[in-house]
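Participant: Okay, here's what each chain looks like letter by letter:
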Amino acid sequence: MAVKVSMTVNGKAVSHEVEERTLLVSFIRETLGLTGTHVGCDTAQCGACTVHMDGRAIKSCNIVAMQAEGAKITTIEGVANADGTLHPMQQAFKEHHGLQCGFCTPGMVMSAIDLVKNFPNPTEEQIREQLEGNLCRCTGYHNIVKAIKAASADSSSAVVGS
Amino acid sequence: MYAFNYKKAQSVDEAAKSLSADGEAKLLAGGQSLVASMKLRLSQPSTLVDLGRVDALRYIKVENNAVSIGAMTTHATVAASAEVKKAIPALAALAGDIGDRQVRNMGTIGGSVALNDPAADYPAACVGLGATITTTQREIAADDFFLGMYETALQPGEIITGFSFPVAKRAAYMKFKNPASRFALVGVFVAETAQGPRVAVTGAGPGVFRVKDMETALAKSFTPDAVASIKVPADNLNSDLHAQADYRAHLVTVMAKRAVEKALK
Chain A
45 MAVKVSMTVN GKAVSHEVEE RTLLVSFIRE TLGLTGTHVG CDTAQCGACT VHMDGRAIKS
105 CNIVAMQAEG AKITTIEGVA NADGTLHPMQ QAFKEHHGLQ CGFCTPGMVM SAIDLVKNFP
165 NPTEEQIREQ LEGNLCRCTG YHNIVKAIKA ASADSSSAVV GS
Chain B
19 MYAFNYKKAQ SVDEAAKSLS ADGEAKLLAG GQSLVASMKL RLSQPSTLVD LGRVDALRYI
79 KVENNAVSIG AMTTHATVAA SAEVKKAIPA LAALAGDIGD RQVRNMGTIG GSVALNDPAA
139 DYPAACVGLG ATITTTQREI AADDFFLGMY ETALQPGEII TGFSFPVAKR AAYMKFKNPA
199 SRFALVGVFV AETAQGPRVA VTGAGPGVFR VKDMETALAK SFTPDAVASI KVPADNLNSD
259 LHAQADYRAH LVTVMAKRAV EKALK
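These protein sequences, in sequence, are chains A and B. Heads up: take any position in the first sequence, counting from 1, add 44, and you land on this note's numbering. Heads up: take any position in the second sequence, counting from 1, add 18, and you land on this note's numbering.
Please keep in mind that the hints were generated in silico from the structure rather than gathered at the bench. Any given hint could turn out to be false.
[Unchecked claim] In silico DSSO-like cross-links for lysine-lysine, where the CA-CA straight-line distance does not exceed 30 Å:
| hint | chain 1 | residue 1 | chain 2 | residue 2 |
| --- | --- | --- | --- | --- |
| 1 | B | K79 | A | K116 |
| 2 | B | K25 | A | K161 |
| 3 | A | K56 | B | K57 |
| 4 | B | K79 | A | K161 |
| 5 | A | K193 | B | K57 |
| 6 | A | K48 | B | K79 |
| 7 | A | K56 | B | K26 |
| 8 | A | K48 | B | K57 |
| 9 | B | K195 | A | K116 |
| 10 | A | K56 | B | K103 |
| 11 | A | K161 | B | K35 |
| 12 | A | K48 | B | K35 |
| 13 | B | K103 | A | K48 |
| 14 | B | K283 | A | K116 |
| 15 | B | K103 | A | K193 |
Next comes chain B alone, as it looks inside the complex:
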């Protein structure tokens, strides 16, 4: 790991100031991806601004038919939350299947979404449920937030503070895990929301994307059969030693079908 300066932020404002003062500084949430990438020397921040002590960003609230989650809430906390389990069980289940238990005890929803790893689970939930992401500067709809591989709408110095997930009528997430890394080779989040069905795919492409054809079909009939014959084009999907693009495209349909099945249970 390259050397860096370390700053423990006492508040979001303080963290924002530190970030603005130094363009090479990076925010540290749980660090489960950042520290790992720094160890591999893939990342070289001048300063780590640690949000670990900012307890104001650790909360879960269910009100006005939405689940609000603070950016520094760990995956383990979301997974174990009785309130989340009751309001959006698919969200708690998704959080409980990220990485492994030790990683879930450190990793945070804000860190995961800000990084926007192409195989991350949370972006699928954000887009699949039509979440709103609150930052130090504005509110951003999930549809406008994820721009591509590791790329988001966040501006320099802008910090995610929380999330609001509208409660869906029903929802489910199914992922096909890479047998070695356990990351999502393909993950599909399906939800029947107040604005109609949504289908969000992670792992398959450079970033999370929606499958409008499936959404249209599910609006007519929310059944596994409705999506069973809908294929996504393989053109822009990832090909690597774990899976070719056409196999990933195939898995999108299979996982979508299983997710609808699960949502109906």
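Next comes chain A alone, as it looks inside the complex:
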């Protein structure tokens, strides 16, 4: 069986026939070819698959694509500006070296943007607590937390804006 699923991904309307059991992350990576969203644990623990659905961070490996029918999805490919300049959160991760191998980074950045939106000027403790849904197997948390703290203090309005 196949169903038609339509949504807006990074500002672009998309519509495809998929199997009902297609996960949102499979739809994003395999149907749309947006491979910036990663599959890490595939059991909703690691957060590498984090995207925004209607402005909220969710784990795209833990919902079926049909749940996102009609929703606005933003992936890591959709956060930078049109001219290629980085989103302030991406810039902060770059400046503070908030990554080691880089596998968790797309999910970390997507989660961090949502974090700062809901917790403006978070404390280090708040960041660590609210980042519980994202795992870095390199254990590079120190610089990730530093990057998020810097991004939130630096230009919170710009971060919140997206």
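Chain B: place on chain A using the hints.
Facilitator: Relative to the frame of chain A, chain B by itself:
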């Protein structure tokens, strides 16, 4: 994941009809447990009936000294609600500590309570506050709702539509998290309600349960010391690689004491 049919319900009535028509169909709320268990092939519904579009089930109201919450309200919404924070701060705090932020953005109170995972947080709040659960067919007191591991009083085709939590004089929830999964190894919800103190425990046994001895002691004196020496029997508690039953029993007392402390702050 096994193949299934998918149906997006436009209303609760439509969802109820779809469920009645097919005994193997399952309701999909936020899906944070259901989709995960389907991926592991632990669950094989013929059809998923998605409540995601039924906005009538997403609400928070505080009136008549009670907090009413629609079944499809997400944990994140409850946690961030200024009204819930003001009326029952312990309930907002509990919602804000379920799973992780991404899970809280999808997971719903109705889904969590209908599943009745033995380590879920919401059942402790429902029983601890003496909530009433409204379904498409009736109203059920929380004390009568949770029957055991993943078992509830819900009949086939019956759908939870909302919850009513009476405002307590004071309440708090403390949980000892499994260090890896972050699920409640033991969670204790303590409340001083209009009908007296209530103590509800999750994570420790096959399902949520009350500790009457602690409630009696708290009725005499609502202090941490009142529960500090009250032990629950380990006989029916869970034993697994994360914790033996006697350790869980020990944690019930410790978490109850901390919850009373927190409630008094």
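Participant: Now tell me if each hint is right for this structure.
Facilitator: Do the hints match the structure? See the list:
Restraint check for B/K79 and A/K116: satisfied, since their Cα atoms lie roughly 27 Å apart, inside the 30 Å limit. Of the supplied pair hints, the one linking B/K25 and A/K161 is violated, its CA atoms being roughly 33 Å apart against a limit of 30 Å. For a cut-off of 30 Å, the pair hint linking A/K56 to B/K57 stands: about 29 Å separates their Cα positions. With a C-alpha separation of about 25 Å, the suggested pair B/K79 and A/K161 falls inside the 30 Å cut-off, and the hint holds.
Proximity of A/K193 to B/K57 is assessed by CA-CA distance (about 35 Å); at most 30 Å being required, the pair is judged violated. With a C-alpha separation of about 36 Å, the suggested pair A/K48 and B/K79 falls outside the 30 Å cut-off, and the hint is violated. For the proposed pair A/K56 and B/K26, the alpha carbon gap of about 23 Å is at most 30 Å, so the pair holds. Restraint check for A/K48 and B/K57: satisfied, since their Cα atoms lie roughly 21 Å apart, inside the 30 Å limit.
For the hint linking B/K195 to A/K116, the alpha-carbon distance of about 34 Å lies beyond 30 Å, and the restraint is violated. As the CA atoms of A/K56 and B/K103 are separated by approximately 38 Å, the hinted pair breaks the 30 Å bound. Proposed proximity of A/K161 and B/K35 is contradicted: the alpha carbons are some 40 Å apart, above 30 Å. For the proposed pair A/K48 and B/K35, the alpha carbon gap of about 23 Å is at most 30 Å, so the pair holds.
For the suggested pair B/K103 and A/K48, the alpha carbons sit about 41 Å apart, so the restraint of at most 30 Å is broken. Annotation: proposed proximity of B/K283 to A/K116 is violated, straight-line Cα distance about 42 Å (limit 30 Å). The straight-line distance between the Cα atoms of B/K103 and A/K193 is roughly 26 Å, inside the 30 Å bound, and the hint therefore holds.
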